[in-house]
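Peer 1: The whole structure should be built from the sequences, with the hints applied where relevant.
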Amino acid sequence: MVKNDVLHWYAVYTRARWEKRVGDLLEQSGIDYFLPLYKTLRIWSDRKKSVMVPLFPSYIFVNISNADYREVLNTPGVVRIISFENQPVVVPDWQIDAIKMLLNNNINIEPADINPKPGDELEVNKGSLKGLKGELVEYRGKKKIAIRLDAIDKSIIINIPLSFAKVLKKKS
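Heads up: the sequence shown runs through residues 319 to 490, numbered per the numbering used here.
Some hints could be false.
[To be verified] Here are the simulated lysine-lysine pairs, DSS-like style, with alpha carbons at most 25 Å apart: (1) Lys-357 / Lys-488; (2) Lys-461 / Lys-418; (3) Lys-487 / Lys-472; (4) Lys-460 / Lys-487; (5) Lys-444 / Lys-484; (6) Lys-418 / Lys-357; (7) Lys-338 / Lys-472; (8) Lys-357 / Lys-338; (9) Lys-472 / Lys-448; (10) Lys-460 / Lys-444; (11) Lys-367 / Lys-461; (12) Lys-444 / Lys-418; (13) Lys-488 / Lys-461; (14) Lys-488 / Lys-460; (15) Lys-448 / Lys-488; (16) Lys-489 / Lys-451; (17) Lys-448 / Lys-461; (18) Lys-448 / Lys-418; (19) Lys-451 / Lys-487; (20) Lys-488 / Lys-472; (21) Lys-367 / Lys-444; (22) Lys-489 / Lys-472; (23) Lys-357 / Lys-461.
Don't read these hints as lab results, they were simulated from the structure.
Peer 2: Here it is in structure tokens:
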């Protein structure tokens, strides 16, 4: 981990369908966490219902220092903190902030079952998402912007007019 008293965001992998329980347990322990949820329609044989589900199944984000590391790992339902070469991977603040901004502005987002291929890097230059950076992808036949969280190898897709974005870097 990085410096002792400095707080950083880390991705925590949880048991399947334990994200909300882990969040409750972390909150009881005084640990700052972020569990991005989105609304989706679930259909059963007898009914349809809108439910809030995790944007990244089996993942929750924690904002911790070295002192909190063991407490997070000892939380029931936590499997591990995402690491690379035995070092926890820091999730950049801007990525957490981007997801929070999207959720707070009621932007229609959905998890992406794909890993976007490298493409044109875009920046939104109009509207409530101004400053958000992402990558242009074609998803389900439409051009959309993908926001990628490298730490957990996941992406989210947002649908905004391309006229609201400018190209920062062309695909080579």
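Peer 1: Evaluate each hint against the coordinates.
Peer 2: Hints and how they fare:
1. Lys-357 / Lys-488: violated, 33 Å
2. Lys-461 / Lys-418: Since the Cα atoms of Lys-461 and Lys-418 sit roughly 22 Å apart, the hinted pair holds (cutoff 25 Å).
3. Lys-487 / Lys-472: holds, 21 Å
4. Lys-460 / Lys-487: holds, 20 Å
5. Lys-444 / Lys-484: Holds: Lys-444 and Lys-484 sit about 9 Å apart, inside 25 Å.
6. Lys-418 / Lys-357: This hinted pair holds, its Cα atoms lying about 14 Å apart.
7. Lys-338 / Lys-472: With a Cα-Cα distance of about 19 Å, the restraint between Lys-338 and Lys-472 holds, given a limit of 25 Å.
8. Lys-357 / Lys-338: holds, 15 Å
9. Lys-472 / Lys-448: holds, 22 Å
10. Lys-460 / Lys-444: Cα-Cα ~20 Å, so holds.
11. Lys-367 / Lys-461: violated, 29 Å
12. Lys-444 / Lys-418: Holds - the C-alpha atoms of Lys-418 and Lys-444 are around 18 Å apart, at most 25 Å.
13. Lys-488 / Lys-461: holds, 16 Å
14. Lys-488 / Lys-460: The given pair, whose Cα atoms are some 19 Å apart, holds under the 25 Å limit.
15. Lys-448 / Lys-488: holds, 20 Å
16. Lys-489 / Lys-451: holds, 15 Å
17. Lys-448 / Lys-461: With a Cα-Cα distance of about 18 Å, the restraint between Lys-448 and Lys-461 holds, given a limit of 25 Å.
18. Lys-448 / Lys-418: holds, 14 Å
19. Lys-451 / Lys-487: Holds, because 11 Å separates the two Cα atoms, which is no more than 25 Å.
20. Lys-488 / Lys-472: Given pair Lys-488, Lys-472 holds - Cα atoms ~22 Å apart, limit 25 Å.
21. Lys-367 / Lys-444: Judged against 25 Å, a Cα distance of about 34 Å means the pair is violated.
22. Lys-489 / Lys-472: Cα-Cα ~20 Å, so holds.
23. Lys-357 / Lys-461: The given pair, whose Cα atoms are some 22 Å apart, holds under the 25 Å limit.
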